[in-house]
Amino acid sequence: MAAQKPPDRRASAPTGERRSRQASDAPRYPDVHVTLRSTNPYAVVSAVRHALRRSRVDQSEVARFSDEAFETEEPQRMRAVCDSWADVELKV
Numbered sequence: 002m003a004a005q006k007p008p009d010r011r012a013s014a015p016t017g018e019r020r021s022r023q024a025s026d027a028p029r030y031p032d033v034h035v036t037l038r039s040t041n042p043y044a045v046v047s048a049v050r051h052a053l054r055r056s057r058v059d060q061s062e063v064a065r066f067s068d069e070a071f072e073t074e075e076p077q078r079m080r081a082v083c084d085s086w087a088d089v090e091l092k093v
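If you're matching positions, the sequence shown starts at 2 in my numbering and goes up one per residue.
Rather than coming from a laboratory, the hints here were simulated on the basis of the structure. It is possible that part of the hints are untrue.
Stated by the list, open to error - Computed spacing ranges between beta-carbons, pair by pair: (1) H51 - A27: 17 to 25 Å; (2) T40 - E72: 25 to 33 Å; (3) P76 - T36: 29 to 37 Å; (4) V93 - S61: 28 to 36 Å; (5) D32 - K92: 30 to 38 Å; (6) K92 - S61: 27 to 35 Å; (7) E62 - D26: 27 to 35 Å; (8) N41 - D68: 15 to 23 Å; (9) R65 - A44: 19 to 27 Å; (10) E75 - R29: 19 to 27 Å; (11) R29 - Q77: 26 to 34 Å.
Virtual Cβ for every residue (Gly too), placed ideally from N, Cα, C.
Let's have the full structure, built from the sequences with the hints guiding it.
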C-alpha cells in the first residue's frame with residue numbers, strides 16, 4: 002500500500018493587509034504578534050522568525066516555520082504561511 006499524504010495545512014492567500022480570522026483559522030501561535038511596515042515577503046518571514054524566537058518557541062518549530070515559508074517564492078503564499086503561524090499586521 003502506498004503511504005498517505007498528510008492533510009494540506011496551507012492557509013489561503015490573504016485578501017487584505019490583515020486577514021480577519023475565524024476561530025478555526027487562528028494562527029498556530031496566537032500570542033506572537035508581528036507589526037511590520039514592509040510588504041517584502043522575506044522581511045515578513047524574517048520578522049515572524051524573530052518574534053517566534055523572542056517568544057521562546059522551540060528552535061525546531063522555528064526551523065519548521067522557515068522550511069514551510071521558503072517552500073515557495075510566491076509572495077502571497079509566503080504571507081499566508083506567516084499568517085498561519087503568527088498574528089501578522091502590515092502597516093503600509
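30 to 38 Å as the expected CB spacing between K92 and D32, which holds or is violated
The hinted range 30 to 38 Å is violated for D32 and K92, with Cβ atoms some 20 Å apart.
Distance restraint hint 27 to 35 Å, applied to the beta-carbon atoms of E62 and D26: The hint (27 to 35 Å, Cβ to Cβ) is violated, given that E62 and D26 are roughly 19 Å apart.
| task | Using the beta carbons of K92 and S61, state whether their distance is inside 27 to 35 Å or not. | result | Holds - the Cβ-Cβ distance for K92 and S61, about 31 Å, lies within 27 to 35 Å.
Open item on the list: Tell me if the beta carbons of V93 and S61 are separated by a distance inside 28 to 36 Å.
Closed with: holds, 32 Å
Tell me if the beta carbons of H51 and A27 are separated by a distance inside 17 to 25 Å.
holds, 21 Å
Whether the CB-CB distance between T40 and E72 falls inside 25 to 33 Å:
Taking Cβ atoms as reference, T40 and E72 lie about 20 Å apart, which means the hint is violated.
Q. Does the Cβ-Cβ separation between R29 and Q77 fall within 26 to 34 Å?
A. Check failed, 19 Å falls outside 26 to 34 Å.
Do the beta carbons of N41 and D68 sit within 15 to 23 Å of each other? holds, 20 Å
* Asked: Does the Cβ-Cβ separation between R65 and A44 fall within 19 to 27 Å?
  -> Once the Cβ atoms are compared, 20 Å apart, the range 19 to 27 Å for A44 and R65 holds.
E75 versus R29 beta-carbon gap, inside 19 to 27 Å or not = With Cβ atoms ~20 Å apart, the hint holds.
Check the following: the C-beta atoms of P76 and T36 are separated by a distance inside 29 to 37 Å.
Given about 19 Å between the Cβ atoms, the range is violated.
Checked against the numbered hints given earlier, the structure breaks hints 2, 3, 5, 7 and 11 and satisfies all the rest.
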